[in-house]
Each structure stands twice: as C-alpha cells, then as structure tokens.
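Visitor: Chains U and X, in that order, are what the protein sequence lines are.
Just so it is clear: in the first sequence, position 35 is 35 by the numbering used here, and no numbers are missing.
Just so it is clear: in the second sequence, position 111 is 111 by the numbering used here, and no numbers are missing.
If you are wondering where the hints come from, they were derived from the structure by calculation, not from laboratory data.
From a predicted model like this one, the values you see are computed outputs, not experimental measurements.
Please note that the accuracy of each hint is not assured.
Here are a few chain U residues that sit away from chain X, every Cβ distance over 10 Å (derived from the structure) [claimed, not checked]:
id, residue
1, His6
2, Arg9
3, Arg122
4, Thr134
5, Ala140
6, Asn216
7, Ala234
8, Gln235
The calculated BS3-like cross-link candidates involving lysine-lysine, where the alpha carbons are at most 30 Å apart (straight line), are [unchecked claim]:
id, chain 1, residue 1, chain 2, residue 2
9, X, Lys95, U, Lys18
10, U, Lys16, X, Lys4
11, X, Lys93, U, Lys16
12, U, Lys226, X, Lys4
13, U, Lys11, X, Lys93
14, U, Lys23, X, Lys4
15, U, Lys46, U, Lys92
16, U, Lys80, X, Lys93
17, X, Lys95, U, Lys226
18, X, Lys4, U, Lys92
19, X, Lys95, U, Lys14
Derived contacts from chain U toward chain X, CB cut-off under 8 Å, selection only [said to hold, decoys possible]:
id, residue
20, Cys58
21, Gly64
22, Thr65
23, Val69
24, Asp73
25, Arg103
26, Asn171
27, Met206
28, Asn213
29, Glu221
30, Ala222
31, Ile233
Even glycine gets a Cβ: it sits at the ideal position worked out from N, Cα and C.
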Amino acid sequence: MDLTLHVWRQKGPKDKGKLATYKATDISPDMSFLEMMDVVNEGLIKQGIEPVAFDHDCREGICGTCSQVINGDPHGPQAKTTVCQLHMRQFKDGDEIYIEPWRSRAFPVIRDLVVDRSAMDRLIQAGGYVSVSTGGVPDANAILIPKDDAETAMDAAECIGCGACVAACPNGSAMLFVASKVGQLAKLPQGRAEAARRVCTMTDAMIEEGFGNCSNHYDCEAACPKGISVKFIAQLNREYIMALPKGYKEKE
Amino acid sequence: MPLKHLIRSAVGRKLFMAATGFILFGFVVAHLLGNLSIYLGADGINAYARHLHQLEPLLWVFRLGLLAAVGLHVLFGIILTLENRSARPVAYKRKKHPRSSLAGRTMIYSGLLLATFIGLHLLHFTFRTIGPQIEMLNGDMPNVFRMIVDSFRQAGYALTYVAAMTVLFFHISHGFASLFQTSGINNEVTLPWLGRLSRTVAIILAAGFVSIPVLIFFGLVIK
Numbered sequence: 001m002d003l004t005l006h007v008w009r010q011k012g013p014k015d016k017g018k019l020a021t022y023k024a025t026d027i028s029p030d031m032s033f034l035e036m037m038d039v040v041n042e043g044l045i046k047q048g049i050e051p052v053a054f055d056h057d058c059r060e061g062i063c064g065t066c067s068q069v070i071n072g073d074p075h076g077p078q079a080k081t082t083v084c085q086l087h088m089r090q091f092k093d094g095d096e097i098y099i100e101p102w103r104s105r106a107f108p109v110i111r112d113l114v115v116d117r118s119a120m121d122r123l124i125q126a127g128g129y130v131s132v133s134t135g136g137v138p139d140a141n142a143i144l145i146p147k148d149d150a151e152t153a154m155d156a157a158e159c160i161g162c163g164a165c166v167a168a169c170p171n172g173s174a175m176l177f178v179a180s181k182v183g184q185l186a187k188l189p190q191g192r193a194e195a196a197r198r199v200c201t202m203t204d205a206m207i208e209e210g211f212g213n214c215s216n217h218y219d220c221e222a223a224c225p226k227g228i229s230v231k232f233i234a235q236l237n238r239e240y241i242m243a244l245p246k247g248y249k250e251k252e
Numbered sequence: 001m002p003l004k005h006l007i008r009s010a011v012g013r014k015l016f017m018a019a020t021g022f023i024l025f026g027f028v029v030a031h032l033l034g035n036l037s038i039y040l041g042a043d044g045i046n047a048y049a050r051h052l053h054q055l056e057p058l059l060w061v062f063r064l065g066l067l068a069a070v071g072l073h074v075l076f077g078i079i080l081t082l083e084n085r086s087a088r089p090v091a092y093k094r095k096k097h098p099r100s101s102l103a104g105r106t107m108i109y110s111g112l113l114l115a116t117f118i119g120l121h122l123l124h125f126t127f128r129t130i131g132p133q134i135e136m137l138n139g140d141m142p143n144v145f146r147m148i149v150d151s152f153r154q155a156g157y158a159l160t161y162v163a164a165m166t167v168l169f170f171h172i173s174h175g176f177a178s179l180f181q182t183s184g185i186n187n188e189v190t191l192p193w194l195g196r197l198s199r200t201v202a203i204i205l206a207a208g209f210v211s212i213p214v215l216i217f218f219g220l221v222i223k
C-alpha cells in the first residue's frame with residue numbers, strides 16, 4: 001500500500017522544527033510501523049535526505065523506547081500496543097499519517113522524533129525504589145504477600161516507562177507513571193515502609209521536572225501500551241492523604 | 001506536614017480543588033432545594049427567604065465560608081491551568097482525546113463563566129442593582145417571589161440563567177467524578193460508573209435549576 005507521511009523534523013533541541021511530507025510506497029500490511037519507517041528512511045538516504053531519527057530498541061513491545069504520536073494517538077491507533085508492535089494492516093492504502101514526538105516541556109526533543117526522557121529516570125531516583133539493607137539473603141517466602149496484593153502490584157509493575165501517558169495527557173502530567181510506581185511498591189510489604197515518603201518525593205519531583213498536574217482526564221490510561229488503570233492514581237491520592245499526618249521532611 | 005508543602009504539592013493542590021469543590025457542590029445542592037420552594041407559591045419561597053434571614057449572624061459565617069471556598073477554587077484553578085499549559089509548550093498538530101471529555105478539558109472556561117455568572121446573580125438577586133424594581137414586604141424584606149417571577153418573564157434573564165445552568169452541568173459532570181478520584185475513593189469497581197453517576201447528578205441539578213426560569217417564562221405551573 002501507498003501512504004503519505006507528515007513527519008516532524010527538528011534538527012536539534014534549539015531548532016523550531018516543522019512537519020515534512022514523504023511518500024511511503026509499496027508498504028506491506030505485514031510490516032510493523034517501525035519497519036515501514038525503516039523503508040522510508042532507506043528511500044530518504046537514496047535521495048540524499050537526512051533519515052528521520054526515531055527511538056527504538058527491543059521491537060517486541062517491552063522496552064518502552066519507541067515513542068511516536070501517530071495521528072494524535074501516542075503509540076498509534078491500536079489499544080495496548082507499542083509503536084513497534086503496531087502493524088501496517090491497521091492502516092488503509094492512501095492514508096495520511098501524522099507522526100510527531102512526545103510533546104512535553106519535561107521531554108525536550110533531541111532530534112526529529114527522539115525526545116530526552118531522563119526526567120522519568122529522575123522521578124524514579126526521587127523515590128521509585130525500595131531501600132535494601134545489606135546482609136544475608138532472606139528466605140524466599142519469609143514475607144507472605146496476599147495473592148490479590150501481589151497481582152495488583154504486578155498490574156502496576158507492567159509499566160515500561162515509555163512516557164505515552166505524559167504524551168497523551170492534555171496537561172502533560174506524568175501522574176500515571178508515578179502512580180504505577182507508587183501503587184506497585186505500596187502494595188508490597190517491602191515497599192510499604194517508605195510509602196509515605198515516596199508519594200511525596202515522587203510527586204514533588206514531578207512538578208520540579210516541569211510535568212503538568214493531573215486533572216482526571218484519563219487519556220493516559222487509553223494511551224498506555226500496558227493498559228495501566230487510573231485506579232492507581234486514586235491509590236496514589238489515598239497514599240498522599242495517609243502520608244499527611246506523618247509529617248514528611250523535604251530534605252533528609 | 002506543613003501547609004506550605006500541601007500548597008505546592010501536585011496532589012495537595014488537587015485536594016484543595018476537591019475540598020473547595022465539595023463545599024461549593026454542597027452549596028449548589030442546598031441552593032436548589034431552597035429554590036424549589038417556589039413551587040409552593042409566593043408563600044413558600046417568601047417564608048423560606050424570611051427564615052433564612054432570621055439566621056442572620058450564621059448566614060454571614062456561611063457567606064464568608066463560601067467566599068473563601070470560591071476564591072481558593074478559582075485561584076488554584078487558574079494556577080493549575082497555567083502550569084498545565086506550560087507543561088506542553090509546543091502543541092500537537094494532530095491530537096486525539098480517546099477518554100477525556102470536552103467538559104473536563106474546558107473546566108477553566110466553564111469555571112470562569114460560572115464565576116462571572118455568580119457576580120451577575122449576586123447583583124441581580126442579592127444586591128438588586130439590576131433587574132426589575134421590587135416592592136418591599138414589611139420592612140426590608142423584598143418580595144422574593146415577585147422578584148423571581150418578574151425577572152424570568154423577561155426572555156433575557158430567563159435565557160441567561162438557562163445558559164449559566166448549562167455551563168454548570170458541564171462543570172459538575174467532570175467535577176463530581178473528580179471529587180472521588182482525587183480523594184482516593186475510587187477503584188476498578190467504581191471507575192466505570194462514576195463518570196455516568198457524575199453526569200446524572202449534573203443533569204439532575206441543572207434540570208432542577210433550569211425548570212424555574214423555563215416554567216415561569218412560558219407561564220406554566222407558576223402564573
């Protein structure tokens with residue numbers, strides 16, 4: 001099939017950037033979206049045009065590296081699917097496709113469709129971990145965890161940290177990402193000890209990094225390739241309310 | 001935890017919006033119940049107004065409380081909206097909104113329209129600087145029944161109030177559900193129907209308010 005692509009081209013973080021239009025011809029419906037981009041880039045190289053830079057790594061939907069807003073949907077039109085797992089059979093011959101990077105103040109564009117998502121790493125550094133004291137290895141099942149809690153924690157742990165929630169949010173908020181970490185760790189006894197401090201430090205870091213605030217739009221849940229539920233944001237809000245009486249110190 | 005942190009926190013400020021929103025929602029419900037006394041005729045609503053004014057000192061506590069709630073709700077609403085705008089400096093050329101509602105994304109506009117309406121509404125019925133001239137009943141109590149009926153016989157007033165209550169419907173349809181999500185009273189069981197409940201509550205409230213100017217304008221029920 002033949003397609004018309006409108007791709008965001010931006011030389012660097014300082015460049016203003018603009019959409020460029022390219023033809024994608026003889027595309028197989030069995031190709032993944034990224035394979036289609038590879039074909040287009042080969043064509044561009046032959047014409048002496050700089051190929052479109054885009055992020056990708058595992059190409060099997062688990063690394064969270066690919067990041068393209070396709071026709072206004074982060075990761076494209078198919079629900080619970082990353083760009084690399086999206087196939088061209090989702091499109092029709094003659095379609096016009098708009099491809100843009102994640103747009104957020106916290107994710108500066110490095111080049112074309114590649115954005116710097118290290119702000120999310122700093123959110124994790126702010127509290128998305130469990131402090132482990134050194135010592136002997138504990139017995140595997142010494143700490144009992146109710147099955148429901150373990151499963152809820154696993155649902156939250158499905159987050160691959162791609163940032164689609166930020167890209168989808170009308171406010172550019174990272175609340176679903178933060179909520180998935182807070183929710184996962186607060187459900188487990190190992191993470192419970194630091195739950196109150198974690199919810200405060202991570203949500204504070206979110207504002208410092210320039211992400212927006214959550215106003216319960218839920219576009220994040222629709223865009224999430226792992227289908228993480230906004231119930232974790234409600235849980236985050238609960239965790240924050242429970243942290244209030246504990247009096248958290250900002251700098252330790 | 002110091003109040004200072006609560007005000008700067010991404011969740012703390014949501015809680016301020018929710019708490020003040022809850023107060024304002026409670027007021028809207030009470031206001032509607034009071035208004036419905038007009039269906040008992042002139043004696044009904046005038047008696048309601050008289051009883052309300054007999055609570056004078058307490059009434060001022062309520063009014064100041066409401067003023068504080070409105071002030072904080074508007075202030076935080078504006079601050080949060082400005083921050084959210086700045087979180088996406090370059091807009092998408094194409095953007096879809098698969099889950100979010102138009103009502104949710106336009107809360108700042110419906111909110112500012114409502115704030116303007118509250119101003120007009122106070123000038124109209126509380127300070128009586130706009131609207132038809134009203135006779136006073138024994139002393140300083142206006143004839144509330146005539147005040148309302150004479151105003152809503154005029155298409156301009158009736159339409160303004162119907163429009164304002166339509167805006168209220170949009171604001172509450174997002175706000176009511178948000179109240180639960182923000183205060184953490186939500187899970188996978190309640191999530192699917194909370195949105196529907198929110199729209200139902202908003203439509204009941206708006207329809208209750210709208211019924212008054214509509215029925216008065218067309219001369220139905222209240223002559």
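Visitor: Evaluate each hint against the coordinates.
Guide: Hint check results:
no.	hint	in the structure
1	His6	8 Å, violated
2	Arg9	12 Å, holds
3	Arg122	15 Å, holds
4	Thr134	31 Å, holds
5	Ala140	29 Å, holds
6	Asn216	4 Å, violated
7	Ala234	4 Å, violated
8	Gln235	7 Å, violated
9	X:Lys95 / U:Lys18	16 Å, holds
10	U:Lys16 / X:Lys4	38 Å, violated
11	X:Lys93 / U:Lys16	14 Å, holds
12	U:Lys226 / X:Lys4	36 Å, violated
13	U:Lys11 / X:Lys93	18 Å, holds
14	U:Lys23 / X:Lys4	55 Å, violated
15	U:Lys46 / U:Lys92	26 Å, holds
16	U:Lys80 / X:Lys93	23 Å, holds
17	X:Lys95 / U:Lys226	20 Å, holds
18	X:Lys4 / U:Lys92	54 Å, violated
19	X:Lys95 / U:Lys14	23 Å, holds
20	Cys58	25 Å, violated
21	Gly64	20 Å, violated
22	Thr65	21 Å, violated
23	Val69	6 Å, holds
24	Asp73	5 Å, holds
25	Arg103	5 Å, holds
26	Asn171	4 Å, holds
27	Met206	6 Å, holds
28	Asn213	5 Å, holds
29	Glu221	6 Å, holds
30	Ala222	4 Å, holds
31	Ile233	7 Å, holds
Violation of the numbered hints given earlier is confined to hints 1, 6, 7, 8, 10, 12, 14, 18, 20, 21, 22; the remaining hints are satisfied by the structure.
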